[in-house]
Each structure stands twice: as C-alpha cells, then as structure tokens.
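Given only the sequences and the hints, what does the whole structure look like? Please build it.
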Amino acid sequence: MGLCVHCQQPLSEGSRGIVLPRAARLQIPSPPQPSCPQSLPSGCRSAGLRRGERQQETLLQASFHELHDSSPLVAQSQPVLAPRTQDLAGDPFGLLMRQRIVFLGGEVNDFAADAVISQLLLLDSQDPNKDIKLFINSPGGSVTAGMGIYDAMQMCRSEVQTFCFGLAASMGAFLLGAGAKGKRSSMPNARIMIHQPLGGASGQAVDIEIQSREIMYHRLNINRIMAGYCNQPIDKIEEDTDRDRYMSPLEAKNYGLIDSVIGGDEAGFNIQGSPKDFPRTKEAYVNWGDLEEDGSRSSRFRGPSEPFTKPLSD
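Per the UniProt record's numbering, the sequence shown starts with residue 1, numbered consecutively.
Honestly, I wouldn't trust all of these hints.
[Said to hold, decoys possible] List of simulated lysine-lysine pairs, DSSO-like, C-alpha gap at most 30 Å: (1) 133 <-> 253; (2) 183 <-> 133; (3) 236 <-> 130; (4) 130 <-> 181; (5) 236 <-> 181; (6) 183 <-> 130; (7) 183 <-> 253; (8) 236 <-> 183; (9) 133 <-> 181.
Honestly, the hints are just simulated from the structure, not real lab data. All values reported here derive from a predicted model rather than from experimental measurement.
Below, the structure is given as structure tokens:
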C-alpha cells in the first residue's frame, strides 16, 4: 500500500505506529537581530534594529574589501612599484626623469623627437639652473627630427650634458657634439660615426633637382654647425663627412666632438699601429685605378681587361 504524505487519509493498521512529517522547505535563517526588551517603547526597538543593520552592512563591506585585496587577479592588475619608490609606478623613463635624465635610444624619428623635446622643455621649466643629462644610443635617422632636438637643446636655459652609450652615429653623433661645451662625454667602449646626409628622389627632372638642392642645404648646414662646436675648419668637416668616419672615444675627443671619456683616456681601447690606408675622399675612390702601368696584375681595378683594348697599328 502506498504512502501519502500530504493527505489526511488514515493509514493501514500495520502502519499506524509510523508518523511521517510534512514536506519541509529549505529556509535561510535571517541574521540575528539585537534583542530589545518588549517592555521598551517601539522607538527603542526600531532604533536598535537600525543599528544592527548598519553593523551588519559594515561587516559585509569589510569582508568584501579583504576578499578584493587578497584576490590574485586584483594583485596581478596592480602596477609593481620600483624599490624604495612608493609614489611612482615602475617606469624606468619616469624614474630617469626624476634624476633629470633624458634617454634617446633607437632611430631618430618624429616620435622620438617629440618625446625628447617635450622632456627637455619640461625639465628646463622646472629648474633652469640645473643641468639636463641626455643619454644617446642611436644609429641616427631623420635630419629634420634631429634638428628639432638640436634647436630645443639650444633653447633650453639649462645646460644639456650629452653622454654616448654604445653607438652615436649620423644624427646621433651630431646631437652628441651639440651638448654644452666641457660637458660632452662618452663611455670608453662606445663608437661614434659621422657622415653626410643620405636621401633619394624620384619623379620628374625638376622634382629631383628640388630634392637634391634640399639635401645639399642640409649637408652644408650640418657641416657649418659641426665646424663651430668641433673647432675644425669647414673644409676638413666636408672632407671627413664625405664617407662614413668611425671614431673611438679618444679619437672623437681629439676631433672635438666630445670633451672627456668616462674613466679617463686610458680606459678606452687603443689600437697599436695604423689601419690600412684606404682612400678617404670621393675623388680618391673615383681615381682608384689611375696607377702607373707596370705590366703586373693585381686585385685592384686598373682599366678594361678585355682583349684588343689597344689600338691596332696600321
């Protein structure tokens, strides 16, 4: 015989001793409320309930903040502060700015120029009586972007110290020498290279002529400025920049591009002897084969090697 829980039908004789409870419902107990004697006025009881609700809300908020702060996802999203720095995030360029250091690394382009110019002007406005340090590790780049940095350096009331790390080539070497006199330095193992501007042109003949004139203008302007801060004749600057001219820090110091080598002159690596004497100018390269014919062959180009190059005799 089946059992019926909710109905009031009598059970069989064999089951009269069994009492089945009604179906129970799942109930969530409400939080305990502060007791208030029933003999007190109703206003007291309501005030006690409100205080209990506020205490419960405060406990819930505290537990939520503890859970939020200890969550690994929240801990990963928070920035990691640099050692002994509690007010700045771990940004190396921001920390260098606090030491009045501007870093120019990579290619000199419009984006790098905008960043360097803005940092120079900001540091100059904060304290024009303190020097600004410009660290350079650049293979060069845009002439116009480099000229923008050069003009900003000249406009700053603060003196701009320049330091070469790794490589300062092309516009990087130009900006290295444009620092304040007596405050241009290089690391002992760095390399410095100067040369003439490089560019190209395409289109109609008139367009090519316009672009070539623009490139020649930049070349003359750069040579004029370099001759000024290197204390060299402009003819020597034009001759040395006609092709890539690599220098050690000691050579750059003797040339006038820098004033000192970090660690002293003996810290750099000095090559004993002289390297092979290659032609240094364009004319020497063009006249590479203009040598006296001695009847011997060598690896150098000495004119056409096809047979029957001499005129036939009558």
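- Compare the structure with the hints numbered earlier in the document and write down the numbers of the violated ones, lowest to highest. 3
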